[in-house]
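Undergrad: Chain by chain, the residues run as shown.
6 protein chains.
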Amino acid sequence: MARLPRIADLDGSSSGTGFYLCTRKERRTGQKGAFLALVLQDVSGEIGAKVFTDVEASDAQFDAGEFVAVQGRGNLFNQKLELILDKVRRVIPDDATRGFREEECIRASPRPVDEMWSELEGRIASIAHPQIRALIVRVIDRYATRFRVWPAAVTVHHDYRSGLLEHVLKIIEVVTAQAEAYGVSRDLLIAGAILHDIGKLEELSYTLATEYTTEGNLVGHITIGVGIVRDAAREIPDFPTDMLLQLEHLILSHHGSRENGSPVEPMTVEAFILAAADDLDAKIHQVRRHIADDDSDGSFTGYHKRLGRVLFKR
Amino acid sequence: MARLPRIADLDGSSSGTGFYLCTRKERRTGQKGAFLALVLQDVSGEIGAKVFTDVEASDAQFDAGEFVAVQGRGNLFNQKLELILDKVRRVIPDDATRGFREEECIRASPRPVDEMWSELEGRIASIAHPQIRALIVRVIDRYATRFRVWPAAVTVHHDYRSGLLEHVLKIIEVVTAQAEAYGVSRDLLIAGAILHDIGKLEELSYTLATEYTTEGNLVGHITIGVGIVRDAAREIPDFPTDMLLQLEHLILSHHGSRENGSPVEPMTVEAFILAAADDLDAKIHQVRRHIADDDSDGSFTGYHKRLGRVLFKR
Amino acid sequence: MARLPRIADLDGSSSGTGFYLCTRKERRTGQKGAFLALVLQDVSGEIGAKVFTDVEASDAQFDAGEFVAVQGRGNLFNQKLELILDKVRRVIPDDATRGFREEECIRASPRPVDEMWSELEGRIASIAHPQIRALIVRVIDRYATRFRVWPAAVTVHHDYRSGLLEHVLKIIEVVTAQAEAYGVSRDLLIAGAILHDIGKLEELSYTLATEYTTEGNLVGHITIGVGIVRDAAREIPDFPTDMLLQLEHLILSHHGSRENGSPVEPMTVEAFILAAADDLDAKIHQVRRHIADDDSDGSFTGYHKRLGRVLFKR
Amino acid sequence: MARLPRIADLDGSSSGTGFYLCTRKERRTGQKGAFLALVLQDVSGEIGAKVFTDVEASDAQFDAGEFVAVQGRGNLFNQKLELILDKVRRVIPDDATRGFREEECIRASPRPVDEMWSELEGRIASIAHPQIRALIVRVIDRYATRFRVWPAAVTVHHDYRSGLLEHVLKIIEVVTAQAEAYGVSRDLLIAGAILHDIGKLEELSYTLATEYTTEGNLVGHITIGVGIVRDAAREIPDFPTDMLLQLEHLILSHHGSRENGSPVEPMTVEAFILAAADDLDAKIHQVRRHIADDDSDGSFTGYHKRLGRVLFKR
Amino acid sequence: MARLPRIADLDGSSSGTGFYLCTRKERRTGQKGAFLALVLQDVSGEIGAKVFTDVEASDAQFDAGEFVAVQGRGNLFNQKLELILDKVRRVIPDDATRGFREEECIRASPRPVDEMWSELEGRIASIAHPQIRALIVRVIDRYATRFRVWPAAVTVHHDYRSGLLEHVLKIIEVVTAQAEAYGVSRDLLIAGAILHDIGKLEELSYTLATEYTTEGNLVGHITIGVGIVRDAAREIPDFPTDMLLQLEHLILSHHGSRENGSPVEPMTVEAFILAAADDLDAKIHQVRRHIADDDSDGSFTGYHKRLGRVLFKR
Amino acid sequence: MARLPRIADLDGSSSGTGFYLCTRKERRTGQKGAFLALVLQDVSGEIGAKVFTDVEASDAQFDAGEFVAVQGRGNLFNQKLELILDKVRRVIPDDATRGFREEECIRASPRPVDEMWSELEGRIASIAHPQIRALIVRVIDRYATRFRVWPAAVTVHHDYRSGLLEHVLKIIEVVTAQAEAYGVSRDLLIAGAILHDIGKLEELSYTLATEYTTEGNLVGHITIGVGIVRDAAREIPDFPTDMLLQLEHLILSHHGSRENGSPVEPMTVEAFILAAADDLDAKIHQVRRHIADDDSDGSFTGYHKRLGRVLFKR
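Chains as they are written, first to last, in our numbering: chain A, 2 to 315; chain B, 2 to 315; chain C, 2 to 315; chain D, 2 to 315; chain E, 2 to 315; chain F, 2 to 315.
Isolated chain A (complex conformation):
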């Protein structure tokens, strides 16, 4: 039997077998009895799926959070593509011989994580100010395991494995150019880019799914991030107060306005630059995913709710 293409490449005529991570499983009752409603993902994206046959048996086969082997076909429902599954079961060791690769079943950044990590280390090494560099090294050492794999958000943008790292590196690329253009502190901007979302490593839990922690909801990543930086600075001898306050300010003001959740708004040129770069990178990511996800004909995508407009596909 044919192999189903990657999720990003599926269409209404696809059919065959495939391996996915099942991130949600729910049993529902329709007019003619129970069925299963699933969400599946692979490295390229995610998709809804339904099981109408052998529901009892299928349901017993696996749980949400497990990798599954399926057989099914694409279907367009309410202008949205879904999979109708004839068979579904938990992945078994032998599946490796049939082409199952765990890393191919998890939505992830298109850039290899080791390549990104090297780039990050290079950026850190380029910080001239010794205490700032020491602070970043300390924070990154403590959080390296998470920083390598964490998503940048639950949804919205970069919401997949290593998404935060990808997002941070792109911001560094942009703000270092602007530090040059406007003659402001490259060191503060690189540090700010690395630290701006550092609180997300405590705000979110991430295994194969992403969720808010209790601290994440009640306190939020901006305040958590300031705490992480403040604690780390205490361990660096002679960390200049002024620098610390400016770093904290970069984290606190990076959403740009109070309406967007920053308790203080940018008061330094570096803070204006960082907030603008963060906003732009998040928006460009949304634009590109929406264009990639769009299956409609014509030069424009369907309406993007969050951005409040259609987008030009060319």
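No lab work stands behind these hints, which were simulated from the structure alone. Just to be clear, a hint being listed does not mean it is correct.
Identical chains blur together in the list; that is why a pair holds if it fits in one copy or across any two.
[As the list claims (entries may be wrong)] Straight line, CA to CA, 20 Å or less: simulated EDC-like cross-link-like pairs of lysine to aspartate or glutamate:
#	residue 1	residue 2
1	Lys81	Glu47
2	Lys284	Glu181
3	Lys314	Glu212
4	Lys81	Asp298
5	Lys314	Glu216
6	Lys284	Glu260
7	Lys88	Glu47
8	Lys51	Glu27
9	Lys314	Asp243
10	Lys306	Asp294
11	Lys81	Asp296
With chain A's structure known, arrange chains B, C, D, E and F on it following the hints.
TA: Only chains B, C, D, E and F this time, still in chain A's reference frame:
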């Protein structure tokens, strides 16, 4: 010569001598030469003043931030009362015999500070939860000197000596009643009321004038307050994480909405109650001061810019 | 056969028989023929239900607005619990012997109405100002039948039998404490709390369902309420004009801002207090119901659309 | 000595004598002693004026609210024209022989009031629905004295003698055309146009100055207006409830949105038309006055704060 | 077999045969296999339809964008009426003998297009200013084919055949009355009414469906319209610059505010009038259609999302 | 006599002689007679000035728009620095020998215009797409004289000689880096940066003062700019439609949102980048000027009205 009444009781026909704190002094040049523009205050309020005579000599007599003895008369200018001074000089030791009392020249809460401090201690003693009480004791011990005299703000409301303490006690009075009415945690609400503006003790500097500190502007009292509480909690053995997060949440959400500067919005009934009580107390203070300051005829005050309306004086 | 638990306690594994009020019945056609879509309620809440079997016969058995006896089971559909009914018929007199109690099938305040009514009478008796008390007595006398059972709203909060009375009593409890704290008129605040939503008794019709009347939509409860008070005041000899205008102002401004539907905004301390208490009580009710209705795992509820956030369940 | 031109025609080179109504008088002290700051008006507009000579004597000559005879010259101060007065005294009977006419000293509608009143009576007579016509006749009879002279507002637009009548007639002219264009009730629209601001007759007091009454501030003209109409309708036998509710709705919704102070928003085509016509007439009045008041060179006026833009003068 | 009534007159008990334009066709898979989801329209409105029988065969019978002959019955689904079709096929020439009329199957203005076109020509002829009239003639000549049939929008209002023409004529009717009432330029207002949406003829493509063009999305009808007018003016000898700028201003400002998409806001009385008339006509159209579409009982419609309220049906 | 320092370096103790451009002159009357109120500028900034002596004679000496020689001293008035002039007259040819240089008396970009122009030409030459480059060359050729000296705005930012050119070059620097970072069209972004404000060359008139033209006010620079580009494109053979629409979209959407005056919002990644770069450059300019203009003590500036915050000076 007659003694001028307290600033709150001055009118266009007042004339005589008085003692004040001069909080601002500026030399200006008009059509006919230099004059001095001052801001004076006493325990009851503040007022603008001008010196047109012997400007050179008067200017050399004192600096902003000093207590002064003056002779002058009230004057209505652009519908606002001001003092026209014929004489002004720095206060000298002998002035004590003429009725000068330093504490009468500083804008301050109408309630005696010792009475308020006792009330606060009683409130703290009434907290049942041992670690929360211990946390409050520790924070208050560290900041007692400031907490006794700090204003609640640079302007807007309770912007005078011991204003923060007065504001906190009124909120405690209100939220303990609501804790009862809604069956929620009295301990959390008392603690939240005491801590909600604790960051103001670092956000503002206060001697005879109130100003934002560098940390106050770049970081803000909400984030500073969370840091103070988090540090204090580390020193309390077995402080329950859950309680700490709820306390931090009370501080973070007490402005009620992101637009008003809270990075997270109330997610617990206690947080809704505290934010509402803080907002109401600040508004009532503004209403009452505006009514007290209003010299117009009729049943209504002039327009209150911040509240966007006139107020009913009765 | 087992008895179904109260609606508030149902889950996906519940099955058995039960009595409910059916508040909506609609016939729909799916792929395999017609089915019935119902909304059922009991004293503890409401739920959607579907009938796929014997649709013709079942449909003929009862109408919306009638009490029904059902047999069925819980089902999770799109993350929302519903009932799938195998049998449904109109309640018959004999059902009393099977446990049917009309009052248990109507969503209602958790507090007994007689207890609440006594509390209200005590509050009215405590008003010191004779004409204000007389006015309240007159208004309440005229509307007693409705005031005992009316909901406070069509949806949003306290949208069940005697919800308005429950809401008013909680507000009285809160504002009398604040009248004390701020030294303002207890009489005006009790009267304002009782009258603020009095127009709802004309704005809404309520039998077993709640709906807007023509006057309710075209005029609204705020203006209706002022009319009721103005008419009643005319019948009280020597009702002081000033008091009447302040009472009308309390009603008119109780939504707090023009954006929220108040044509004038609070201009007295009492009006600020009443508007804050009304808003807080409505919000706390929404928070608590959302937490009670939430079946998700974890410490937080799902997203609350109106409040725009998740809530902490503890 | 030359006669000063009408206020609308004054410029920086005007000088001579004139008669005005003084609506504000305030004594101020500048560097070189006291001076008087006045506001003067005549039928064509209003202007600020200052008296620097013989201040004591001048001050004793007249009060705000009186007609005055002045001698002075125009002066441009901060880009705004004012009058500098050398002499000013209360008007005396003999001034009639010198050209004083009371009606020429009061800002008023450019249209003669008797002409406007006839037009209004004709409009009322044209209402076909007998009870609506009876209602309008009753309301207008009761308020004729005020309706003839009342301004439409304290400031903003039509804020002069008979301004309300002028505003109402223009709205009638526009909405009758639209009743025709859209095939809706001409009777309701004429009645709505006449009644929409009827509450202003109680909201504002007007003698030679315009002020809010206590009821005006605490209750507002929209709610007052509904009360006037409701009371009048009770005196008309068989006034159809439905019509009354629609009339009340027209009054309540005529500000168009809750943000603008309407507690309910238009729900009928007539209500949409009336709200649009009221808004447009007020805006056109502001545009035209701003253009008329503008003394700047070039094709555009200075910035209009309320409208938030400059305007094209042609 | 009975003939189905016009779409506007269908209800849940309708059944029979009919002819429609199919504007959307989609194949979906449900629990029990594939079905077709269609959108059908006739001159009176549009409706959703489903085909559950002979899906393969039916699907092969016709495409979206074709006229179809159907047999089916009305069904209420989620409080919305739809058609369940037993048979559906492409229209054939013989259907003319069975009552098929193409023009009856296309949603269109209730007014005959030839009647409207004559009215437009009369309006143009009435323009006194020779160059403005020449400009309009030139633009209309170029776009006559489109102007006769174009809708005014993709959805929202007048979104059917000849809807733009109907909308323009109604605005002319209203603004000519206001030109008279306010003594402003009738010529500019008629021209502005005709030209204000002229860019829609390039912004939208319209055959049997309405869609945004690439230029429509990237540039928008306001800017396109200014370009059309500017180009046409170049071909009129001695077109006065001033008039051209005012015409362009009318087009640019006709959405009334920047928030609504006008890059400049009204600065002339004519621009205020045109923007108000356009807004009012669009709103009245929405109100009337919502009332016409509403099948609910009672005096009020269901909630209108865009207008944010229910509407009074009488 | 000493020479006054540049305006940017003046303080309250400065006194001496200097040369300036007088951009505003107004005669006012105070208590003791007439005085002159002026606005003066040099290359470094602008300042208010007053003349109290020999007013008649001084007034006759020069007009606004002329260069003047003055003698005077700095004065702090209402916390703002101004100049009090003892002498002022029109510049005469001989002043060249006393140090008068016209170019030093006009507020201008800190970068030499020839250097900037070369940089612009280099950027244009680097555009790879031949028709886009041809289009830019044509537009720039036509407007070179203006483009070299035009300010970017009347106030707000870069509101001085050659300010537009300086602003455009900085944007090019930033967006070319981002074109690289995001892999989008460098050609479109350079062209968009050059053209985004091209309409300002018609929107504003600039000789020694900057003003809106009639077209500028009624039409606005965004629409004017699209017209300029559209006209130029017609003259380039085979200009690809698609490219033209994207260029027009870049101009139209560069304010980022409808609220900020863009009739369409960014729909391409290039448009998001350009709008962000324009906004950031304008904000950084405001931040830096506010910091430069601030004479207060401490680490923070006074409140910046437009940005709604204080700024960190370090």
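Undergrad: All hints are to be evaluated individually against the structure, with a verdict given for each.
TA: Hints, verified against the model:
1. Taking the shortest Cα distances, Lys81 and Glu47 sit within 20 Å of each other inside one copy (12 Å), while across copies they are farther apart (23 Å).
2. Within a single copy, Lys284 and Glu181 get their C-alpha atoms only as close as 23 Å, which misses the 20 Å cut-off; across copies the closest is 17 Å, which meets it.
3. In this homomeric assembly, Lys314 and Glu212 come within 20 Å of each other (Cα to Cα) only across copies, at 16 Å, whereas the closest approach inside a single copy is 32 Å.
4. With identical chains, the CA atoms of Lys81 and Asp298 are at most 20 Å apart within one copy only, with a shortest distance of 14 Å there and 28 Å across copies.
5. In this homomeric assembly, Lys314 and Glu216 come within 20 Å of each other (Cα to Cα) only across copies, at 13 Å, whereas the closest approach inside a single copy is 40 Å.
6. For the identical chains of this complex, Lys284 and Glu260 are neighbours both inside a copy (17 Å) and across copies (18 Å), given an alpha-carbon limit of 20 Å.
7. Taking the shortest Cα distances, Lys88 and Glu47 sit within 20 Å of each other inside one copy (18 Å), while across copies they are farther apart (37 Å).
8. For the identical chains of this complex, Lys51 and Glu27 are neighbours both inside a copy (10 Å) and across copies (19 Å), given an alpha-carbon limit of 20 Å.
9. Taking the shortest alpha-carbon separations for Lys314 and Asp243, only the inter-copy value of 12 Å comes in at or below 20 Å, while the best intra-copy value is 46 Å.
10. Proximity of Lys306 and Asp294 under a CA criterion of 20 Å is satisfied intra-copy only: 14 Å inside one chain copy versus 26 Å between copies.
11. Taking the shortest alpha-carbon separations for Lys81 and Asp296, only the intra-copy value of 9 Å comes in at or below 20 Å, while the best inter-copy value is 28 Å.
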